[in-house]
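Asker: Next come the chains, spelled out residue by residue.
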Amino acid sequence: MTVTKRLNLSQMYPGQSGRVVGVDGGVGLVGRLSALGIRPGRKITKLSSMLMRGPVTVQVGGTRLAVGFGMASRILVELEQ
Amino acid sequence: MACHGVKTNVRKRRGGKRDLRKILLMGNPNVGKSVVFSRLTGVRVIASNYPGTTVGYTHGLMKVGEEMAEVIDVPGTYGLEPSCEAEEIALQMLATGDVVINVIDATNLERNLNLTLQLLEKDIPMVVALNMWDDVGHRGIHIDLKRLEELLGVPVIPTVAVSGQGIKELVESIPAARAPRRPPISHDERWAAIGSITEQVQQVTHRHHTWLERLEDASVRPFTGIIIAAVVLVGTFLGIRFIGESLITYVLDPIFEYLWTPVVLFLSNLLGGSGILHDILLGNIAAGEVNYIESFGLLTTGLYVPFAMVLPYIVSFYLVLGLLEDIGYLPRLAVLMDTIMHRLGLHGYAIIPTLLGLGCNVPAILATRILESKRERFIAATLISIAVPCAALQAMVFGLVGQRGIQYVAMVYGTLFVVWVVLGFVLNRVVKGFSPELLIEIPPYRIPPWRTVLQKLWLRVHGFLHEAIPIILGAVLVMNILYAVGFFDVIADFTAPVVTGLLGLPKEAVVALAIGFLRKDVAIGMLAPLALTSGQLVVGSVVLAMFFPCIATFVVLLRELGTTGMLKAAAIMIVVALSVGGLLNLIL
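Going down the list, the sequences are from chains X and Y. All residue numbers for the first sequence refer to the working numbering, where the first residue is 540 and numbers rise by one. All residue numbers for the second sequence refer to the working numbering, where the first residue is 631 and numbers rise by one.
Check the hints yourself; a few may be wrong.
Chain Y is nowhere near these chain X residues, computed Cβ spacing over 10 Å in every case [to be verified]:
1. Lys-544
2. Arg-545
3. Leu-546
4. Arg-558
5. Asp-563
6. Ser-587
7. Met-591
8. Met-610
9. Leu-615
10. Glu-617
11. Glu-619
Each pair of labels, with its calculated beta carbon distance range [as the list claims (entries may be wrong)]:
12. Leu-1216/Y - Tyr-552/X: 31 to 41 Å
13. Pro-579/X - Glu-1097/Y: 29 to 39 Å
14. Pro-1079/Y - Met-591/X: 31 to 41 Å
15. Pro-579/X - Asp-649/Y: 26 to 36 Å
16. Thr-1194/Y - Arg-558/X: 29 to 39 Å
17. Lys-544/X - Thr-1194/Y: 51 to 61 Å
18. Gly-554/X - Arg-1076/Y: 21 to 31 Å
19. Met-591/X - Glu-780/Y: 42 to 52 Å
20. Gly-554/X - Pro-1079/Y: 30 to 40 Å
21. Leu-1216/Y - Gly-554/X: 50 to 60 Å
These are calculated hints, taken from the structure and not from any lab test. Glycine included, each C-beta is placed from N, C-alpha and C at the ideal position.
Chain X on its own, in the form it takes in the complex:
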């Protein structure tokens, strides 16, 4: 096993990718995110983040999403080495 690093989405740098390990939230949030493609095991790439705790944009599969900062902090990602 290679050494992996876990971060939440808002801590990642733009351009970094990894796999989603979990969403730290209630059933509602987990459900909404998974319908949009953010669920454990999926590859996720952070595209950008806005200044002043603005939304984070990501790519999962063929979809681009904008996720609010707070929500992004609850999405845990294992970085690719």
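Chain X is fixed; fit chain Y onto it per the hints.
Answerer: Chain Y in isolation, oriented as in the chain X frame:
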């Protein structure tokens, strides 16, 4: 399942008439359901490149074989577990349908199949329209259609709704719709099934980024994004101005001046140059010259305001807005604006209804349904109805206030903008609750075909001609009659303390405020004959923009916010309009 019982109930309830089969168009947001709907039914509906364009539902008719069927454009949903109003509506409608056409974005198979598999568990025959089929090749995606059809167990038809490709085949496939009635499975099992399906039918080959995709990335990065937004917004403003002014100067003014003026003068002669009928039809015409702005007759100002002052700006505004919508820029603007909009108790997506409001407040307030919470919808609708001037009003501000100098136009816009920000800030503090965070899909940029842009423009212009012009003519007529019977003299004396004392306007200006309830453009026009100073004109325009919304907006506010919500919004409106108007009067 429960759906079955509901279905038969609905059929019985509508018993009397011969029942039409109901075909539901369902799919994820922004996959092109509305375009497919227009293709199937010939009913033109507004379609744009952002999730949530369709918030209510539209129906139309189509022919399947020899029979007519009803087609319903259901708002987009990601799944069948309702998480917002649109999804709840979709679920309710599913229970009443006879056939589902599941529209899928072929470039995004995996995410779309989540809804598809949930639909396949229901007891309702279905076909799949694999839309945006032309985009699949560009993106290096290959899909095995036959295998997908086998795995899903229902017909799968590739379509390109914007060009009409595959629509005929889709219609022909409806009789072959099937309901495989898959056994219900859990979340995880479903995602596993989706993974297995996409693996079997889809191959993605690597390819280089196109310039459009580079632009997509650049427009959501903080630095380049702000530059692009500034360029887009300035370009939008200049484009709207340029097209609007050109239409007025080179097309509509000449038409009125050279073609209509002789007719008006002839009629004036015929009617003897004065009298009640003359004044109602033609207004005040002095010595062979027609002042279209100040005469206020039905056939002079009544026609000039809608056709030569407002229509050009309606055309230019909706042309430019339509392009922004169809290219897919608006969700990116929402991302950039998110942090600022949170200060106003909203999130970034609220910028879309706000921009629509610069055209007309009615569709804008309807579009606030894309916001999740009641609180956001109240704040957004209140802000729009108070501080976002519609295109008709703006056209008149440019036409009338613009004559006094562009700085006065800037004062009107500046004041409204400050009110929008300050009021939003206050409402965010005062209204209970919190604003949810942004979570939206950002669609790819698409280059819209000219034909679809022009069709949408025509749809909106037609809406204006159809709905606004009768009201404008009605407003001018009512005003003339009330003038003639001296009604306004009584009112003007009664309201003089507020209108003159507080706002510093001549007491007759109350007539404009009253007519503003019917149409804002006519109301601004009524300030013209009052010989106001530039400062008074600014005060009048601002108060008219903020004061009671026109009747159409009023009705929508009532419907969307309920009686209490509407009363609250109206109270805020009166207080803010009068205090800002009074303040401006002191400063100017």
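Asker: Verify that the Cβ of Met-610/X lies farther than 10 Å from every Cβ atom of chain Y, and report whether the claim holds or is violated.
Answerer: violated (5 Å)
Asker: Confirm or reject the statement that Leu-615/X sits farther than 10 Å, beta carbon to beta carbon, from all of chain Y.
Answerer: At roughly 17 Å from the nearest Cβ of chain Y, Leu-615/X sits farther out than 10 Å, so the non-interface label holds.
Asker: Just to be sure I understand the hint, the distance between the Cβ atoms of Pro-579/X and Asp-649/Y should be within 26 to 36 Å; is that true here?
Answerer: Cβ of Pro-579/X to Cβ of Asp-649/Y: about 46 Å, so the range 26 to 36 Å is violated.
Asker: Is it correct that the beta-carbon of Arg-545/X has no partner in chain Y closer than or equal to 10 Å?
Answerer: Arg-545/X clear of chain Y: closest Cβ-Cβ about 22 Å, beyond 10 Å.
Asker: Quick one: work out the minimum CB distance from Met-591/X to chain Y and report holds if it exceeds 10 Å, violated otherwise.
Answerer: The assertion about Met-591/X is violated, with a minimum of 5 Å to chain Y.
Asker: Is the gap between the beta carbons of Gly-554/X and Pro-1079/Y within 30 to 40 Å?
Answerer: holds (34 Å)
Asker: Taking the CB of Met-591/X and the CB of Glu-780/Y, does the distance hold inside 42 to 52 Å?
Answerer: holds (51 Å)
Asker: Compute the least Cβ-Cβ separation between Leu-546/X and chain Y, then decide whether it is above 10 Å.
Answerer: Given that every Cβ of chain Y is farther than 10 Å from that of Leu-546/X, nearest at about 19 Å, it holds.
Asker: In this structure, is the beta-carbon distance linking Lys-544/X and Thr-1194/Y contained in 51 to 61 Å?
Answerer: Since Lys-544/X and Thr-1194/Y have Cβ atoms about 52 Å apart, the given range 51 to 61 Å holds.
Asker: Test the statement that Glu-617/X is away from the interface with chain Y: the closest C-beta pair must be farther apart than 10 Å.
Answerer: Holds, because the least Cβ-Cβ distance between Glu-617/X and chain Y comes to about 18 Å, which exceeds 10 Å.
Asker: Kindly confirm whether 29 to 39 Å is satisfied by the beta carbon distance between Thr-1194/Y and Arg-558/X.
Answerer: Given a distance of about 48 Å, which is not inside 29 to 39 Å, the answer is violated.
Asker: With respect to the beta-carbon atoms only, verify the hint that Gly-554/X and Arg-1076/Y lie 21 to 31 Å apart.
Answerer: With Cβ atoms ~25 Å apart, the hint holds.
When each numbered hint is compared with the structure, violations occur for hints 6, 7, 8, 12, 13, 15 and 16.
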